[in-house]
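Asks: Position chains S and Z relative to chain A; hints supplied.
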Amino acid sequence: MKRFRALRLIAVLLVPILFASACSQRDDDDADGGDNSGEDSGDSGGGDSSLPIDDCEVDPTAEIEGDTIKLVSSFPQSGLTAAFSEIAKGWKSYFEMVNENGGVQIGDRTFTIEYEDRDDEYDAQKTAANIEELVGPSGEDAFAVFSVVGTSNNIFIRDQLGDQCVPNLFAATGAPNWGNKDYPWLAGGSIPPYSLESYVLAEVLKEQKPDAKVGMLIQDDDFGAGYRDSFEAAIEGTDIELVKVESYEPGASDVAAQVTSLAASGADVFFNGATLIACPTALTEAAQNGWQREVTWVSGTCISKTLMGLAGEAADGVYSIANIKDPVDPQYADDPAMQEYRENVTKFQPDADIDNGIVAYGWTQGALLVEALESAEAPTRAAVMEAVRNLDVGDDVGLLAEGTGVTVDDEDRFMGERFNLVQYNFENLYFDLVEAFDYEGQTAELTPEELINGG
Amino acid sequence: MSDHQQQDRTAPRHMAARDGDRARGADTVAGVPLQPPTPRPVFIARVVVGVVLTAAALYAPFYFTPSDNRLLSEALYLAVAAMGLNLLTGFTGQVSIGHGAFFGFGAFASATLVDDYGWMFEATIPVVALLTAVVGLLVGFPALRVRGLYLALVTLGLAVLFPQVADKYATRGDGRNIPAIRPDRDSFDSLLEGLENDQWKYYVCLVTLVVLFFAAWNLTRARPGRAMIAVREQELAAATVGVNLSATKLWTFALSAAYAGVAGALSVMIEGNASATNPALYFQLSIEFLVAVVIGGTATILGPLVGALLVVVLRRNAEELVSGEPMLSPALFGGALILLVYVLPDGVVGGVRRLFARLGRRWATYELAPDPLSRSA
Amino acid sequence: MDLFIAQFLNGVSSGVVFGSVALALVLIYRSTGILNFAQGEMALFATYMTWQFTDWGIGVVGAIALSMAFAFVAGAVIERVLIRPVEGAHNPLNVVIVTLGMFLAINALALIIFGTTERKVPYVFPTDSWDVLGTNVAKETVGMAAVLAAECVFLWALLQKTKIGLRLRAVASNPESSRLVGINTGAMLMLGWGLAAAIGALAGSLFAAGETAFAGSSMQIILVYAFAAAALGGFDSLVGAVVGGLVVGVANALTIQYVDLLDGIELAMPLGLILAVLLVRPTGLFGKRHVERV
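Top to bottom, those sequences are chains A, S and Z.
Quick note: the first sequence uses this note's numbering, first residue 1, plus one each step.
Quick note: the second sequence uses this note's numbering, first residue 456, plus one each step.
Quick note: the third sequence uses this note's numbering, first residue 833, plus one each step.
No lab work stands behind these hints: they were computed from the structure.
Keep in mind that the hints are not guaranteed to be accurate.
To spell it out: a stretch of chain A is covered by chain Z in this simulated footprint if at least three of its residues, at any positions, have a beta carbon under 8 Å from a beta carbon of chain Z; those stretches are [to be verified]:
no., segment
1, 73-85
2, 100-108
3, 241-253
4, 376-384
Ideal Cβ positions, reconstructed from N, Cα and C, are used throughout, including at glycine.
Just chain A, same shape as in the assembly (with noise of 0.2 Å):
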């Protein structure tokens, strides 16, 4: 027992040390002010202004001080979908490549971009603590937030973002909810939002088998009840009809029950919402019940190398839509973009899984705000909120597919709406391009309106 009492001792003396080290000194004047926005709200911002910038409690014209731009981030990096990492694994690279080549320039100044993430579970309390410590309880500590994942994640932080007026850019999920105009410091990604999935479905449908009858499979949360939503919306007025919807608990990977149950339903069409591997898992099921369809339809959050390789054969045929280049399709590998891409992850984020379209769609991310701050007027959170407001680019940032270039203002706060309908060939291990869709400026209209500002 003699080494145990040592141990014991050991263990008693850790206790303050480790209190120790996780306090600090409480520093009740805010003036310490971290390298960002500083108390000098000298000159003039974003001097344009749909944006709300009276109330907030902090000034958001004042300039970065010193020369780094510090974006801080949240997101599943263990638990049931730290899969979701891989994105930050692609912008991540990108302002590696960015810092390398001198840095980013916003106003007349050069500035070094800096990031810190904290690891949230996919848990959206989480998300909120992280996020209220990482930007400080006045904004000191970061200038925005940047590509958090999940779309109550995001609904978590925007009050407290709103009201210190901290951007919150390029939101990671497909969710219309970013397109609400009461949270202007809140924009989304280029993920195209699920109801234009949902949209696009109903108008293939019309085409194709207007009498469709259609079995669905969504995750039990709001991203598979967005689904079902726009999707009953998307048919009204139309002989579609939806015969059948079953869910599955968010991380489940069995889902032959509610695969059965909906083969059964007598539909057939089946809208495949899952994601992660409930998504592909579904698609082996649906061919081993014998389950003979016309359509199958997988969401856009499935369409990675992965997922559809994971299903195989089974994934033959099925719809989605992309507005990203797929690192593992032949007809890129020339491509400068792809180049750029695979050179760059490869040399900063060597264990990132290089094929996997959400790597690429991360890229892409960072491309964009990239883009953004550099057509800023100055390095203030109110002209950067403003330019990513007005973004309006081509298909020859990050690895935007060809056609897709994003466009938001005022009116339209949408991106990701111009994509394509794209088709997986077993044969090839990926998505043939079937059509275009651009419906720049048309999601409020496609959309129910609660999907958006509910609440």
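Replies: Using the frame of chain A, we list chains S and Z on its own:
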């Protein structure tokens, strides 16, 4: 190292009765063996430590940064829930891995009262305590007929089920379809001039904690406490001496549920919302309550508080130590738990007690009886 | 009716997985009286090993065998190194905390070592199905059920028909006396954990082989259902674990199909079932009653 273990299936029953010299029966108070008179130096040391700690607890929010205060407040509400579980598991011997569900119920109840009915947050606390106690009674009535291990598993099911139920029925609020209730951000603002919000929240948690811990302390020293311990130690024997088994279990269950519910309410103030967006949240919380009880010191009064502080600090430090390698943090946290249990098998409070007992022996002018807590090697 | 049978078979196929994991839980419980929260994650780690072996070019059956051998050794080592020091502790909750710590740590280690990407273990059984009287019976389901049955027979034979089994049971029922008659109790406890880990490895690997893929989260939901299965069957009965697994699996599938009221809260069904069974039979369907001495 004795590697034997007795053939004893229902874990909680023999909680303390492993070694003969550890039996804690009717001759104990709050699970602590009655000791010979405390030597003067030890008594003085206790008073000094007590005064210093009280002063530190009161001064803390002025010393720490807002984010540290938030962390401390988290530890405080975690401690309240852990104390609830301690009453049930530590003192009465009924293991629950489902108190996260009551915590969640308390959180949703409190957030609803604030958001829908415009209540002042502080006023929801006692109401939530009552409501959760009622739910505890309703759940406990069937659940407590199931014993030992099986009770642990049934309650585990509750914790896993709760977010699904919340997702189905409590889905509302902004953003539609999101199972969370988020009152306005200023619903929890400081009511006292001169206190920042983070400081105010800390004090609300602290006062609640002190009241509830004091209540628990009194309870366990009195007749109901003896009944609880009797149930834990030996159900049949307790019944034969007139303890109403099912009643004792049931009210302890309801009481501990109420503690967890109050903790949930406090969490709404700290986190700003009641949420079921993470399907594993309430299961994880249930586990944390149990961890706090055990590493703090099972069946002690200060144990849950110490344990909760440790859990929160360990978790946070594990996160900070490995920034950039987030996967490592659960590994470190898990490893730290295992290490703590090895090093301090009777929790921090138990360890400190042993230390005091030894120091006491050394300082005492007369030799005390052999330390009743030391285990034979 | 066809639909009912189809869903029933779906239930059986997931029930077999729950049952296999429950089997491992019961084995550990019987040999050491411990509720092993890390069982699912141990199986997950072994499943990653299986994947790693196949990735190195070893055939899937060989890979599973290797991974079971690895799990057996690892399980025994875990018992000796991590569990033994707290096994005699005066507070039995300490063991629970250790297994919870393992739950966190093993999951994290698996993800650190093998990455967060979804992995695919090659199919062990053919993916097509037989047509039995107009119903599709997946060969995989039959294969899994056969393996589970074989496991049961093996364990039964081991425990009831061999000297080692006799010792295992002796240690489980009375460690003190076992030691007195010269049984190496430590070795038996290690054997119990090793066996359970190997069975868990088999369950995890076969599950992963049958699914399109698995990831770090795959075993967590399964563990909850496996606990339910073990509780339903009675925590000290091997047969109970298997029957419990099947009942829980089938109940779950049928709930999804037929009980729209429980949409999204399907878990309520197995939970209600357990509660109902335990209220009538406090030690589960197949559990032994204990006589309590004052």
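Asks: Against each hint, give a clear statement of whether it holds in the structure.
Replies: Consistency of the hints with the structure:
no.: 1; hint: 73-85; verdict: holds (count 7)
no.: 2; hint: 100-108; verdict: violated (count 0)
no.: 3; hint: 241-253; verdict: holds (count 6)
no.: 4; hint: 376-384; verdict: violated (count 0)
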